[in-house]
Amino acid sequence: MDLRYSDAEQAFRSDLRAWLEATLPGLPPKPKPDDWPGRRAYDTHWQRLLFDAGYAGVDWPVEGGGRGSSAVEELIFKEELERAHAPYVGVNFVGLLHAGPTVIAEGTPEQRARFLPPILRGDEVWCQGFSEPNAGSDLASMRTRAVRDGDDYVVTGQKIWTSHAEVADYCELLVRTGPEDSRHRGISWLILPMDSAGVDIRPLHTIAGSTEFAELFLDEVRVPVANRVGEENDGWRVTMVTLSFERGTAFVGDLLEAIELLGTTVALARRTGAWDDAGVRRQAGHLKAELDALWALTRRNVSQAARTGIPGVGGTYFKLAYSETRHKLGEFSLGLLERAGLAAHDVDGIDGAGVLPAGTMVEDWLRGISLTIAAGTSQIQRNIVGERILGLPKEPQAASGPKG
Amino acid sequence: MDFEVTEFQTELADGIRRLCEGAFPLEEIRRLESTERVVDRAGWRRLGEAGVFHLCLAEEAGGVGLGLAEAALVFEELGRALVPGPLVASHLAAGLIDGADDGSTVVGLVERPSPGAPGTGTFPVVIELLADLDVLLVLSDDGIERLDPATIGATPLPRPMDPLTPVWSIPVLPSGEPVAGADIAAWWRRDGAVLTAALQVGMAQWACDLAVEYAKGRVQFGRPIGGFQAVKHLCADMVVRAEVARCAVQGAAVTVDQPDVGDPEVAAAGAKLLADEAAVTNGRSCIQVHGGMGFTWEVPAHLAYKRARVLATQFGTEDALAEALARSLAHD
Chain A
10 MDLRYSDAEQ
20 AFRSDLRAWL
30 EATLPGLPPK
40 PKPDDWPGRR
50 AYDTHWQRLL
60 FDAGYAGVDW
70 PVEGGGRGSS
80 AVEELIFKEE
90 LERAHAPYVG
100 VNFVGLLHAG
110 PTVIAEGTPE
120 QRARFLPPIL
130 RGDEVWCQGF
140 SEPNAGSDLA
150 SMRTRAVRDG
160 DDYVVTGQKI
170 WTSHAEVADY
180 CELLVRTGPE
190 DSRHRGISWL
200 ILPMDSAGVD
210 IRPLHTIAGS
220 TEFAELFLDE
230 VRVPVANRVG
240 EENDGWRVTM
250 VTLSFERGTA
260 FVGDLLEAIE
270 LLGTTVALAR
280 RTGAWDDAGV
290 RRQAGHLKAE
300 LDALWALTRR
310 NVSQAARTGI
320 PGVGGTYFKL
330 AYSETRHKLG
340 EFSLGLLERA
350 GLAAHDVDGI
360 DGAGVLPAGT
370 MVEDWLRGIS
380 LTIAAGTSQI
390 QRNIVGERIL
400 GLPKEPQAAS
410 GPKG
Chain B
689 MDFEVTEFQT
699 ELADGIRRLC
709 EGAFPLEEIR
719 RLESTERVVD
729 RAGWRRLGEA
739 GVFHLCLAEE
749 AGGVGLGLAE
759 AALVFEELGR
769 ALVPGPLVAS
779 HLAAGLIDGA
789 DDGSTVVGLV
799 ERPSPGAPGT
809 GTFPVVIELL
819 ADLDVLLVLS
829 DDGIERLDPA
839 TIGATPLPRP
849 MDPLTPVWSI
859 PVLPSGEPVA
869 GADIAAWWRR
879 DGAVLTAALQ
889 VGMAQWACDL
899 AVEYAKGRVQ
909 FGRPIGGFQA
919 VKHLCADMVV
929 RAEVARCAVQ
939 GAAVTVDQPD
949 VGDPEVAAAG
959 AKLLADEAAV
969 TNGRSCIQVH
979 GGMGFTWEVP
989 AHLAYKRARV
999 LATQFGTEDA
1009 LAEALARSLA
1019 HD
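For the record, the sequence lines run as chains A and B. Every number in the working numbering is 9 more than the matching position in the first sequence, counting from 1. Every number in the working numbering is 688 more than the matching position in the second sequence, counting from 1.
Where hints are given, some of them may not hold.
Claimed, not checked - Taking CB as the label site, the calculated pair distances span: (1) 905(B) <-> 397(A): 18 to 28 Å; (2) 216(A) <-> 905(B): 41 to 51 Å; (3) 246(A) <-> 984(B): 44 to 54 Å; (4) 1008(B) <-> 316(A): 31 to 41 Å; (5) 976(B) <-> 361(A): 15 to 25 Å; (6) 1015(B) <-> 369(A): 19 to 29 Å; (7) 359(A) <-> 998(B): 21 to 31 Å; (8) 34(A) <-> 869(B): 45 to 55 Å; (9) 1008(B) <-> 97(A): 30 to 40 Å.
Think of the hints as simulated: they come from the structure by calculation, not from any bench. Glycine included, C-beta positions come from ideal geometry on N, C-alpha and C.
Make a model of the complete structure from these sequences and hints.
Listed below in structure tokens is the structure:
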């Protein structure tokens, strides 16, 4: 067990830090949260800067055009970007973290040549069409239908939680190509051009007031068979393969952001005098212990991935623990804001010491609520831990269809 | 950076696990329940021979010269086996008290209440394991003193909360012979917190394993109860809690060995806080998974819960640790 960074790792860090220091001041002003064309322009410009500096796809394998960095360098990359308050991956999320790696692993040479370079350069944006209104935790029950017609599939159905759909060029789309009850065995993975006829996008508003999600309605949309990645009816495995690219660093930025938020919260408590209350101090102390432990768990997960190339079970442990800690932190900071927390907006304190950070803190508390739901609810995660790690008996499966 | 346990470290821990299975099987340990002496001298010497006490002692002082990281892995195994006795105190005393290093001398430790601390004027001093001790050390901010356990005149307390941790009480500890100063006391507090936390992680894992085993075998409503989400999720939370605490403890131990990677005192406090919580909560959950049987003396679930409560009072209580961590956040 060694927590010291090697000379090569430190050199990677200092080069990156120097580049960030030189580059970040030249960025244009951040667009407003609901200005999606503005956000697309901002995020893809940032991606282009990363590309030109050789930092695009730092976690992609070399054969996909990425940097092929080690899991540890990837950790350093995310750590330095967060510390420097560099732009978040934003609208490039699905392309860089999901669709791109899937095409690398399962795409044809033509698909790789066509779709990978524009993702790395920030020229094209992707969204995800997996979940459906009636297929959430039970994703394998999805019903969006694709019927073969010559060289096309004709796709009809509905998707939900499609992030950045409004500004996306392509959608990674899971469709049912097998019989209705074929579950995992009858799904295919398609590349859907978002400008196809029959695609209708309706934005969803979250409880945090944000609009990154949309519902996607597909009405006899024609998708070329050449846009299928992997074999017909093999889309479930194709989707799972992508997960093997995850090396325990998915939440590094979030975790560092939480550590910073705890610092902001403590500063607020000291400013208001709440810090004189032992109960407040102890809550802060508990949160500090939990966030430090999650940082240790992250380093454990990354070290395992660096050795084996396979993500261990630690990612599931991390998600379960982190989402709870993050929610506790949100509740803690909201409580300390007292009635200044009744608006998600920075308001001037009357002590002459500047604004009270209610904007960030209320926003953060609201966003934190999604963490125990998104990418597999905590309840589903506990089933996974119980069944696959502890070996407890499985939940009853769906009543019909072959079992995966 | 490679925070994975090395092959050597894994072998070391496996060796201790096998030793515990041979020398401290649960049925043997349980024979000592509610007796005045719980340290098996022959077993203690075997721990000494295996290096449990002199692992971190420099080679020129007769030790193995390993780091706290290795010791934490060893202590996790001792916790998992529920080995009774003053393990942490005897480890810390190696090199200071003759015979502590090879297990021929059993050394205990008690904290001298600091004057003016809450409760000091109300509570007597409670000492663990007195009848087993050859030497009793007293820890305070000023340093470490040595007392003769045979002559201090403490009163045994009936019905110790943990049947494997007999306790005595004394209104005020006499002064003893000073054997170490404030600097040693400070690092004993830090390393003692990490090693106690390692014992807690071992017990948290033991409680989880016992609960899972029971949940697979116990059938109600025609199914193993582990198939019900209400029980399955209790078990899942147990393993997550143990793993998060384990990373915190091992991270703290490595930080003590490699102080340029972080603040060892802060890491130790955080590790102890989470490990205490993991052991106590998992102990409680283990009893719950066993249902009515968990409330019987016969089922060993209560042993981990009770020991966890004992260890949670040593080397920093929940509130003191949380305060220490809060102080680290309020630095300007």
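Evaluation of the provided hints:
no.: 1; hint: 905(B) <-> 397(A): 18 to 28 Å; verdict: holds, 19 Å
no.: 2; hint: 216(A) <-> 905(B): 41 to 51 Å; verdict: holds, 43 Å
no.: 3; hint: 246(A) <-> 984(B): 44 to 54 Å; verdict: holds, 48 Å
no.: 4; hint: 1008(B) <-> 316(A): 31 to 41 Å; verdict: holds, 38 Å
no.: 5; hint: 976(B) <-> 361(A): 15 to 25 Å; verdict: violated, 53 Å
no.: 6; hint: 1015(B) <-> 369(A): 19 to 29 Å; verdict: holds, 25 Å
no.: 7; hint: 359(A) <-> 998(B): 21 to 31 Å; verdict: violated, 50 Å
no.: 8; hint: 34(A) <-> 869(B): 45 to 55 Å; verdict: holds, 52 Å
no.: 9; hint: 1008(B) <-> 97(A): 30 to 40 Å; verdict: holds, 38 Å
Hint check: violations occur at hints 5 and 7; the rest are consistent with the structure.
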